[in-house]
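Undergrad: Knowing the structure of chain Z, use the given hints to seat chain B on it.
Number of protein chains: 2
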Amino acid sequence: MTGTEDEKFMRAAIEEARKAESRGEVPIGAVVTCDGRIIARAHNLTETLTDPTAHAEMQAITSATSFLGGKYLTGCTLYVTVEPCLMCAGALAWSQIDRVVYGAADDKRGYHVFCENPFHKKTKIVSGVLSDECSRLVTEFFKKKR
Amino acid sequence: MTGTEDEKFMRAAIEEARKAESRGEVPIGAVVTCDGRIIARAHNLTETLTDPTAHAEMQAITSATSFLGGKYLTGCTLYVTVEPCLMCAGALAWSQIDRVVYGAADDKRGYHVFCENPFHKKTKIVSGVLSDECSRLVTEFFKKKR
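Residue numbers (the numbering used here), protein chains in the order written: chain Z, 2 to 147; chain B, 2 to 147.
Since the hints were made in silico from the structure, they are not lab data. The model shown is predicted, which means the values in this text are computed figures rather than measured ones. Ideal Cβ positions, reconstructed from N, Cα and C, are used throughout, including at glycine. Please note that a few of the clues may not be correct.
[Claimed, not checked] Reference listing, derived: stretches of chain Z covered by chain B, where coverage requires no fewer than 3 residues with Cβ under 8 Å from a Cβ of chain B:
| # | stretch |
| --- | --- |
| 1 | 58-64 |
| 2 | 68-81 |
| 3 | 84-90 |
| 4 | 115-122 |
[Said to hold, decoys possible] Here are the simulated lysine-lysine pairs, BS3-like style, with alpha carbons at most 27 Å apart:
| # | chain 1 | residue 1 | chain 2 | residue 2 |
| --- | --- | --- | --- | --- |
| 5 | B | Lys20 | Z | Lys109 |
| 6 | Z | Lys20 | Z | Lys123 |
| 7 | B | Lys72 | B | Lys145 |
| 8 | Z | Lys109 | B | Lys72 |
| 9 | B | Lys125 | Z | Lys123 |
| 10 | Z | Lys109 | Z | Lys146 |
| 11 | Z | Lys122 | B | Lys109 |
| 12 | Z | Lys72 | Z | Lys144 |
| 13 | B | Lys122 | Z | Lys146 |
| 14 | B | Lys122 | Z | Lys72 |
| 15 | Z | Lys144 | Z | Lys20 |
| 16 | B | Lys9 | Z | Lys72 |
| 17 | Z | Lys122 | Z | Lys145 |
| 18 | B | Lys145 | Z | Lys72 |
| 19 | B | Lys20 | B | Lys109 |
| 20 | Z | Lys9 | Z | Lys20 |
| 21 | B | Lys145 | B | Lys20 |
| 22 | B | Lys72 | Z | Lys145 |
| 23 | B | Lys109 | B | Lys145 |
| 24 | Z | Lys146 | B | Lys72 |
| 25 | B | Lys144 | Z | Lys72 |
| 26 | B | Lys146 | Z | Lys123 |
| 27 | Z | Lys144 | Z | Lys123 |
| 28 | B | Lys146 | Z | Lys72 |
| 29 | B | Lys146 | Z | Lys122 |
| 30 | B | Lys72 | Z | Lys144 |
| 31 | Z | Lys20 | Z | Lys146 |
| 32 | Z | Lys109 | B | Lys144 |
| 33 | B | Lys109 | Z | Lys125 |
| 34 | B | Lys20 | B | Lys146 |
| 35 | Z | Lys109 | B | Lys123 |
| 36 | Z | Lys20 | Z | Lys145 |
| 37 | B | Lys123 | Z | Lys20 |
[As the list claims (entries may be wrong)] What follows is a list of derived Cβ distance ranges for each label pair:
| # | chain 1 | residue 1 | chain 2 | residue 2 | range |
| --- | --- | --- | --- | --- | --- |
| 38 | B | Ala13 | Z | Glu8 | 44 to 52 Å |
| 39 | Z | Thr5 | B | Ala13 | 24 to 32 Å |
| 40 | Z | Arg38 | B | Glu117 | 37 to 45 Å |
Extracted from the complex, chain Z is given alone in its bound form (with noise of 0.2 Å):
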């Protein structure tokens, strides 16, 4: 997959990480992606749901397997504004997916923090797409809420 496809769909995800802003949550937003098309979009939802487990990336997953009908998203690549938490990225392990795009690195929260490669180890990880837009939604969210 060329960059300009990887940048397109993660623009699509920064457009859900706006929807969450609007929201008043925390801005990160998520695409999962089949055959070069997307079949599942998802934003954090903690505060609107009151549940800590309402990450962009864990919604993304339901609906995408919802979707396709089965429990795996092999043959599919998860977007996400920001890189997972160490819950997604567990989650998107037991998903066996096939890539995993994220923007921003989450330097506190982030799954690097606490290890390495917790993924499938067929998984592929592409980092730094339109980080700087992806990471900048967050800072300037915060900023506000000070």
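TA: Chain B alone, transformed into the frame defined by chain Z:
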């Protein structure tokens, strides 16, 4: 909390595991307690829901936070028949739960295989409660499957 009380609540988690088994699911169950009473019960539903995130713990967390009306489980204990995986441990970290009590260790997919302590720094971990019974449920399940 006394060992006897931990065993009492682990028995409720085992009851949940048996419900999973009767649905053809890997028999893992969980309950969440608060102030000495059970506020959430759940069992593994990954096959039924075709959702790799539908572990007993994840559903117990979602159910307990929904019951309490907040996204934290401070003051609560989660009992689960098998050591949480990385996904569930990560979710428990976000919930800031007081205690996690598990039965059988999981040397393949348990969090300890990947990471020494993925939990919130204030969370206390207790292992080995009714571990033989918890472990037997899973091993017997897979024996029958073969």
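Undergrad: Does each hint fit the structure? Answer for all of them.
TA: Evaluated hints:
1. Counting residues of the stretch 58-64 of chain Z whose C-beta sits closer than 8 Å to any C-beta of chain B gives 3, which meets the bar of three, so the coverage hint holds.
2. Only when three residues or more bring their CB closer than 8 Å to a CB of chain B does the claim for the stretch 68-81 of chain Z stand; here the count is 4, and the claim holds.
3. Note: the stretch 84-90 of chain Z has 5 residues with beta-carbon separation from chain B under 8 Å; the three-residue rule is met and the coverage holds.
4. Under a criterion of three residues with beta carbons nearer than 8 Å to beta carbons of chain B, the stated coverage of the stretch 115-122 of chain Z is upheld, 3 such residues being counted.
5. Note on Lys20 of chain B and Lys109 of chain Z: the hinted pairing is violated, with a Cα-Cα distance of about 38 Å set against a maximum of 27 Å.
6. Taking the CA atoms of Lys20 of chain Z and Lys123 of chain Z, the gap is near 32 Å; set against the 27 Å cutoff, the hint is violated.
7. Simply put, Lys72 of chain B and Lys145 of chain B have alpha-carbon atoms about 39 Å apart, too far for the 27 Å limit, and the pair is violated.
8. Between Lys109 of chain Z and Lys72 of chain B, the direct Cα distance comes to roughly 19 Å. Compliance with the 27 Å bound is thereby established for this hinted pair.
9. For the suggested pair Lys125 of chain B and Lys123 of chain Z, the alpha carbons sit about 34 Å apart, so the restraint of at most 27 Å is broken.
10. Restraint check: the Cα-Cα separation between Lys109 of chain Z and Lys146 of chain Z comes to about 18 Å, which is no more than 27 Å; the hinted pair holds.
11. Taking the CA atoms of Lys122 of chain Z and Lys109 of chain B, the gap is about 14 Å. The hint holds against a cut of 27 Å.
12. The hinted pair formed by Lys72 of chain Z and Lys144 of chain Z fails the criterion: a straight-line CA distance of about 39 Å is larger than 27 Å.
13. Simply put, Lys122 of chain B and Lys146 of chain Z have alpha-carbon atoms about 25 Å apart, close enough for the 27 Å limit, and the pair holds.
14. Distance hint between Lys122 of chain B and Lys72 of chain Z is unfulfilled; the C-alpha atoms sit about 32 Å from each other, more than 27 Å.
15. Under the criterion of a C-alpha separation no larger than 27 Å, the hint pairing Lys144 of chain Z with Lys20 of chain Z is consistent with the structure, at around 18 Å.
16. Between Lys9 of chain B and Lys72 of chain Z the CA atoms are separated by roughly 33 Å; this puts the pair beyond 27 Å, and the hint is violated.
17. The hinted pair formed by Lys122 of chain Z and Lys145 of chain Z fails the criterion: a straight-line CA distance of about 40 Å is larger than 27 Å.
18. Proposed proximity of Lys145 of chain B and Lys72 of chain Z is supported: the alpha carbons are some 22 Å apart, at most 27 Å.
19. Our distance criterion of 27 Å between C-alpha atoms is met by Lys20 of chain B and Lys109 of chain B, whose separation comes to about 23 Å.
20. About 17 Å separates the Cα atoms of Lys9 of chain Z and Lys20 of chain Z, which keeps this hinted pair within 27 Å; it holds.
21. Only pairs whose Cα atoms come within 27 Å are accepted, and Lys145 of chain B paired with Lys20 of chain B is accepted, the gap being roughly 16 Å.
22. This hinted pair checks out: Lys72 of chain B and Lys145 of chain Z have alpha carbons roughly 22 Å apart, not beyond 27 Å.
23. Between Lys109 of chain B and Lys145 of chain B, the direct Cα distance comes to roughly 20 Å. Compliance with the 27 Å bound is thereby established for this hinted pair.
24. Distance check on the hinted pair: Lys146 of chain Z and Lys72 of chain B sit about 19 Å apart at the alpha-carbon level, within 27 Å; holds.
25. With a CA separation close to 22 Å, the supplied pair Lys144 of chain B and Lys72 of chain Z stays within the 27 Å bound.
26. Note on Lys146 of chain B and Lys123 of chain Z: the hinted pairing holds, with a Cα-Cα distance of about 26 Å set against a maximum of 27 Å.
27. With a C-alpha separation of about 38 Å, the suggested pair Lys144 of chain Z and Lys123 of chain Z falls outside the 27 Å cut-off, and the hint is violated.
28. A threshold of 27 Å between alpha carbons decides the hint, and for Lys146 of chain B with Lys72 of chain Z the separation of about 19 Å falls inside it, so the pair holds.
29. About 25 Å separates the Cα atoms of Lys146 of chain B and Lys122 of chain Z, which keeps this hinted pair within 27 Å; it holds.
30. In summary, the hint linking Lys72 of chain B to Lys144 of chain Z is supported, as the alpha carbons are separated by about 22 Å, within the 27 Å threshold.
31. With a C-alpha separation of about 17 Å, the suggested pairing of Lys20 of chain Z with Lys146 of chain Z holds against the 27 Å cut-off.
32. The suggested pairing of Lys109 of chain Z with Lys144 of chain B is violated, with an alpha-carbon distance near 42 Å, which exceeds 27 Å.
33. Proximity of Lys109 of chain B to Lys125 of chain Z is assessed by CA-CA distance (about 21 Å); at most 27 Å being required, the pair is judged to hold.
34. Restraint check for Lys20 of chain B and Lys146 of chain B: the C-alpha separation of about 17 Å stays at or below 27 Å, so the hint holds.
35. For the suggested pair Lys109 of chain Z and Lys123 of chain B, the alpha carbons sit about 17 Å apart, so the restraint of at most 27 Å is met.
36. Proximity of Lys20 of chain Z to Lys145 of chain Z is assessed by CA-CA distance (about 16 Å); at most 27 Å being required, the pair is judged to hold.
37. At most 27 Å may separate the alpha-carbon atoms for a hinted pair to count; Lys123 of chain B and Lys20 of chain Z exceed this at roughly 33 Å.
38. At about 50 Å, the CB distance of Ala13 of chain B to Glu8 of chain Z agrees with the hint of 44 to 52 Å.
39. In this structure the supplied range 24 to 32 Å is violated for Thr5 of chain Z paired with Ala13 of chain B, their Cβ-Cβ distance being about 53 Å.
40. Roughly 41 Å separates the CB atoms of Arg38 of chain Z and Glu117 of chain B, a value that falls within the hinted 37 to 45 Å.
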